[in-house]
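Visitor: Going by my numbering, the first residue of the sequence shown is number 2, and it counts up by one from there.
Keep in mind that the hints are not guaranteed to be accurate.
Stated by the list, open to error - Label pairs and their calculated CB-CB ranges: (1) D65 <-> G40: 22 to 30 Å; (2) Q72 <-> L45: 21 to 29 Å; (3) A91 <-> V33: 46 to 54 Å.
Said to hold, decoys possible - Simulated pairs of lysine to any residue, SDA-like, Cα-Cα distance not exceeding 20 Å: (4) K93 <-> A23; (5) K93 <-> G38; (6) K93 <-> Q43; (7) K93 <-> F22; (8) K93 <-> T12; (9) K93 <-> T15; (10) K93 <-> V13; (11) K93 <-> S11; (12) K93 <-> F34; (13) K93 <-> G30; (14) K93 <-> V20; (15) K93 <-> A14; (16) K93 <-> A82; (17) K93 <-> P10; (18) K93 <-> L36; (19) K93 <-> F83.
Don't read these hints as lab results, they were simulated from the structure.
Heads up, the beta-carbon is just placed ideally off N, CA and C, and yes, glycines get one too.
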Amino acid sequence: MAARRQRGPSTVATLINLVGFALAAILVGHIVFTLFGWGENQELVSTVADAADFLSLFFPGLLDAGNPTLQLLADYGLAAAFWVLVMGVAAKIFG
């Protein structure tokens, strides 16, 4: 009897998950840059902020935290979790 070979995730699923984590990393990077007060006059910080604003979709202002730090975490943290979740589901479907 031939041994059954265990299959791991497909390449497509791996790439989809990688994209999801990259999008979440941009959003988390924006949170870190903002919390540590890195100025937007730096090119990297400005580029990440622009990308995070685009990727945050409808999440900014969805919840009212009352505290600016918590508001930042809620807005962009929920968006990061959303992208990881959506890409994880897409990886399951296509992988």
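Visitor: Run every hint past the structure and note whether it holds.
Guide: Checked hints:
no. : hint                    : result
1   : D65 <-> G40: 22 to 30 Å : holds, 27 Å
2   : Q72 <-> L45: 21 to 29 Å : holds, 23 Å
3   : A91 <-> V33: 46 to 54 Å : violated, 26 Å
4   : K93 <-> A23             : holds, 18 Å
5   : K93 <-> G38             : violated, 38 Å
6   : K93 <-> Q43             : violated, 38 Å
7   : K93 <-> F22             : holds, 15 Å
8   : K93 <-> T12             : holds, 12 Å
9   : K93 <-> T15             : holds, 10 Å
10  : K93 <-> V13             : holds, 10 Å
11  : K93 <-> S11             : holds, 10 Å
12  : K93 <-> F34             : violated, 32 Å
13  : K93 <-> G30             : violated, 26 Å
14  : K93 <-> V20             : holds, 14 Å
15  : K93 <-> A14             : holds, 7 Å
16  : K93 <-> A82             : holds, 17 Å
17  : K93 <-> P10             : holds, 9 Å
18  : K93 <-> L36             : violated, 34 Å
19  : K93 <-> F83             : holds, 15 Å
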